[in-house]
Structures are given as structure tokens and as C-alpha cells.
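Here are the chains, one letter per residue:
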Amino acid sequence: MNVSEIIALLPYQKPFLFVDGIDTISDEGVTGHYNFKKDETFYEGHFKNNPITPGVILTECMAQIGLVCLGIYLLKDELKGQNPQIALTSNQIDFYLPVLPEEKVTVVSEKEVFRFNKLKCKVKLLNEKEELVARGIISGMLKA
Amino acid sequence: MTKEELITKLKAIVAPYIQDEEAFKNLSEDTDFVTDLKINSANLVDIILDIEDEFDIRLENEDMEKMLDVKSAMTIVNSKLGS
Chain A
1 MNVSEIIALL PYQKPFLFVD GIDTISDEGV TGHYNFKKDE TFYEGHFKNN PITPGVILTE
61 CMAQIGLVCL GIYLLKDELK GQNPQIALTS NQIDFYLPVL PEEKVTVVSE KEVFRFNKLK
121 CKVKLLNEKE ELVARGIISG MLKA
Chain B
1 MTKEELITKL KAIVAPYIQD EEAFKNLSED TDFVTDLKIN SANLVDIILD IEDEFDIRLE
61 NEDMEKMLDV KSAMTIVNSK LGS
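Protein chains in written order, with my numbering: chain A, 1 to 144; chain B, 1 to 83.
Some hints could be false.
Counterexamples of contact, computed for chain B against chain A with all Cβ distances above 10 Å [to be verified]: (1) Lys3; (2) Leu6; (3) Lys9; (4) Asn26; (5) Leu27; (6) Asn43; (7) Ile48; (8) Asp56; (9) Ile57; (10) Ser72; (11) Thr75; (12) Lys80.
Cβ-Cβ distance ranges computed for the label pairs, FRET-style [said to hold, decoys possible]: (13) Thr24(A) x Thr35(B): 26 to 32 Å; (14) Glu22(B) x Asn83(A): 35 to 41 Å; (15) Glu60(B) x Glu131(A): 40 to 46 Å; (16) Leu81(B) x Met1(A): 37 to 43 Å; (17) Glu28(A) x Thr75(B): 24 to 30 Å; (18) Glu78(A) x Ser28(B): 50 to 56 Å.
It is worth saying that the hints were derived from the structure and are not from the lab.
Just so it is clear, CB atoms sit at the ideal spot from N, CA and C, and this is done for glycine as well.
The following block holds chain A by itself, in its conformation from the complex:
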């Protein structure tokens, strides 16, 4: 399964798609990236006259790349071109640095366990200087 096939099966679209590309993917993990656009809708309100990417959006970006892209890859034989059924079930994330408009972030996710349709990953978010922006554990249920 190639990268464009994976991205095509993501059940998101603008303004809530936070995946630009996948750099590497295997049964054990995934690395992907997203460039926060200057005009993302949430910058209007977070914060007043001071646009900073909300932590929940960073978490979403980490989940879309780290969990959903990886989950699609892991389910590739069962999906047969259909979107997966997904649900975020838990996350625990620590944040270290802010992400501003037009910053590119890289998500590095390592699979901890994928059994009985539950995928749990250790996920890191890095900025362009390769500084650690956020890290944590994200879990979700995924099935074809």
C-alpha cells in the first residue's frame, strides 16, 4: 500500500485534515508531516490577535498521522478501499513548545500494541529544528 492510497482513505477533509505526507511507514510505526497553514480557521480565535496552534489540534495531528495512517496501513488487507471505522479512545500528551502558523511539524509514532482492533501508540511531535514539541500515548479503536 503506497502513501497516496493511505491518505486517500483518511476519513477527514479540510479544514480538519492535518496530514500533508507520510515519510516512512511499516508494521511498527509511521513518520509523517503537516505544515500549519497561515489561514487555519482556529487561528482566528486562538488566541485573540496572537495565533498559536491549540494543543488539541496538535493532538489531532498526532492522532491522524500516528494512529489513523498507521491503522489504515495495518488494516490494508481488510479495508479493500473502504474508509476504516475509527474512534479515539484515550490520549495522554505533554506539550513543551508552541507551534506558530506556517510551521512544519513531524509526527513520529511507534506502535505499542495493536490487538482486538485497539491500536495504542507512543507518539512524538517535532518542529523543523527537530525540537520536541509534544509527546504522549494515544489509543483508538480501528476496524475495517
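Dock chain B against chain A, hints included.
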């Protein structure tokens, strides 16, 4: 392991995942994980994985499907420990 010891261990395993405190207080062999304790499907997987670690056994899809209440969990754990 006696029945009581097994129930005590299972009770400790499910404790972090229950939503219904009252049903948990009155936990018995007949307590259903989903309808009584209101445990969701993601947390049922956590319970399965925690049971595997606690008893050093390996559970399969068919075990997962059967493990709906305390009694069936006890039966499955006992059969795995015995085999």
C-alpha cells in the same frame, strides 16, 4: 487459586475501567462487564491485556468474544491456566 482469589484479582484488574461504581461495589460472578459495569470496548481490550499480564496467559479473539462477564472471564482464565 480459589474462586475468591480469582474474583479479587479480576476485580483489581477491572477497577480502573468501570463506569458504574455501584455495580462494581456489588461485583459478583454474574456481573456483566458491559451492561453492569458500563465498560467500553476499548477498555475491554485493556482488561484482556491486563489479564494476560497478570496470569501470564495468551488470549485469542474467540476468548475476547466470550469474555463478557466475570463468570466467563473466570472460566477462560482457569482453562488457560490448566492447559
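Hints, verified against the model:
1. At roughly 26 Å, the least C-beta separation between Lys3(B) and chain A is larger than 10 Å, which holds for a residue marked as non-interface.
2. For Leu6(B), the requirement that its beta carbon stay farther than 10 Å from each beta carbon of chain A is met, with the minimum near 22 Å.
3. For Lys9(B), the shortest C-beta to C-beta distance to chain A comes to about 21 Å, beyond the 10 Å cut-off, and the non-interface label holds.
4. For Asn26(B), the shortest C-beta to C-beta distance to chain A comes to about 27 Å, beyond the 10 Å cut-off, and the non-interface label holds.
5. Taking the minimum C-beta to C-beta distance to chain A, about 23 Å, the non-interface status of Leu27(B) holds against the 10 Å cut.
6. Residue placement check: Asn43(B) does not keep its beta carbon more than 10 Å from all beta carbons of chain A (closest about 8 Å).
7. Look at Ile48(B): its CB is around 6 Å from the nearest CB on chain A, not clear of 10 Å, so calling it non-interface is violated.
8. No Cβ of chain A approaches the Cβ of Asp56(B) within 10 Å, the least distance being about 16 Å, so the stated non-interface status holds.
9. Taking the minimum C-beta to C-beta distance to chain A, about 14 Å, the non-interface status of Ile57(B) holds against the 10 Å cut.
10. A cut-off of 10 Å between C-beta atoms confirms that Ser72(B) is not in contact with chain A; the least separation is 16 Å.
11. Chain A leaves Thr75(B) outside its interface by the beta-carbon criterion, the shortest separation being 19 Å against a cut-off of 10 Å.
12. Even its closest Cβ contact with chain A, about 16 Å, leaves Lys80(B) beyond 10 Å, as expected for a residue assigned away from the interface.
13. Range check, Thr24(A) to Thr35(B): Cβ separation about 43 Å, and the 26 to 32 Å hint is violated.
14. Range check, Glu22(B) to Asn83(A): about 39 Å between beta-carbon atoms, so the 35 to 41 Å window is met.
15. For Glu60(B) and Glu131(A), the hinted distance range of 40 to 46 Å is satisfied, since their beta carbons lie about 43 Å from each other.
16. With their beta carbons about 40 Å apart, Leu81(B) and Met1(A) fall inside the hinted range of 37 to 43 Å.
17. For the pair Glu28(A) and Thr75(B), the beta carbons lie near 35 Å from each other, so the given range of 24 to 30 Å is not met.
18. Against the hinted window of 50 to 56 Å, the Cβ-Cβ separation of Glu78(A) and Ser28(B) comes to about 38 Å, which falls outside the hint.
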